[in-house]
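Asks: Here is how the chains run, residue by residue.
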Amino acid sequence: MEASKKPVLYSYFRSSCSWRVRIALALKEIAYDQAPVNLVKDGGQQRSSEFQSVNPMQQVPALKIDGITLSQSLAIMEYLEETRPNPRILPQDPKKRAEVRMISDLIASGIQPLQNLAVLQQMGEKKLEWAQHCISRGFKALEQILQETAGRYCVGDEVSMADLCLAPQVYNAERYKVDLAPYPTIIRINKALLELKEFQTSHPSQQPDTPPELRA
Amino acid sequence: MCAALAKPVLYSYFRSSCSWRVRIALALKEIAYDQAPVNLVKDGGQQRSSEFQSVNPMQQVPALKIDGITLSQSLAIMEYLEETRPNPRILPQDPKKRAEVRMISDLIASGIQPLQNLAVLQQMGEKKLEWAQHCISRGFKALEQILQETAGRYCVGDEVSMADLCLAPQVYNAERYKVDLAPYPTIIRINKALLELKEFQTSHPSQQPDTPPELRA
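These protein sequence lines map, in sequence, to chains A and B. Heads up: the first sequence begins at 1 in full-length UniProt numbering, then just goes up one per residue. Heads up: the second sequence begins at 1 in full-length UniProt numbering, then just goes up one per residue.
This is chain A alone, in the form it adopts within the complex (with noise of 0.2 Å):
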């Protein structure tokens, strides 16, 4: 029966977006198998046509759960949210719920599909330079927002939704060489979450398709 199957994420090692949901799976301690994509070998993965039934548009991460497949990862965090609501991502005031979606959604559209690899790839010898001004730009907002909303972490003192978005993008900036001296409380909620086991155990150093030399 398809309801009692583990969920099943197609993911990459490397992906900042297959991160977040791997990171709320983990809180939620939700058990799950993954499936992973690799984005760069044959030509890219995601462009079979056995993964165009998974997710038309070609990325990680999808879920299998329920008896649905679900791509996008805000909407997968949700969907998290509403059927096993603890412990929670969201806070329960609507405002700072907000707050919450704004800095997620910051992220998610104002800053990593502008630096994902299929944007990268028609950026040519700019490549670098693109992806660092990007994430520069971004975080520069969103260092000015946190320093309203931030308690020990994004939104208050409780991880959310913020969060799970904010440490694979900062994992992406130090991927890109970005200098993150501009962004001290960028820095900070950083490291405070990168001190959670849920934080590591789904890094992109400890997967199963993490390759060797990269591995933790």
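There may be inaccurate statements among the hints.
Stated by the list, open to error - Heads up, simulated PhoX-like pairs for lysine-lysine below, C-alpha to C-alpha not over 25 Å straight-line: (1) K65(B) - K95(A); (2) K97(B) - K141(B); (3) K5(A) - K141(B).
Please keep in mind that the hints were generated in silico from the structure rather than gathered at the bench.
Since the structure of chain A is already known, use the hints to place chain B on it.
Replies: Coordinates of chain B only, in the frame set by chain A:
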């Protein structure tokens, strides 16, 4: 004067598809508001002013001042409106249907629009039109496939949802960049049905306080 009694203020640009999404939501939920137009092209782009910086540090529209707070990011704004002014709804009750609405909304709001927004196109130089067409076509190809599973009269079933509020403005962008829509019959059909609704008309780019005379309906 108590902040909570002041009418909400929407920072908007007539042609911004992200602003249009929120204008539709405000119209559907019959929330009276004032518009503060932000011209993205004049004066080097009014979104870059130090004044607007304190409204939205990302220097983008829309932003909404409401209930004593200032929100940016159109989907976050719409979810807040849904939670605080729940009728009529723009998200279904069933969690799986809600997930479909959010998936479609995110496909548009993360997977298409940011790649063809003003700041990115300005980087593309001569390749601007080709790039915009490429991003939109790629996204619409995937969306057409998804909609064939989820759509009824509208994107998800037969009720207008946040997905529809994202779709119509994106189709407007597609038409603006001369994308051939013939491969996307479901998108065409739904868009047509949406444009018949008065809330999609009163909020249309051609009918805003800041619409230039030559583009006014």
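Asks: Evaluate each hint against the coordinates.
Replies: Here is what the structure says about each hint:
1. K65(B) - K95(A): holds (12 Å)
2. K97(B) - K141(B): holds (21 Å)
3. K5(A) - K141(B): violated (31 Å)
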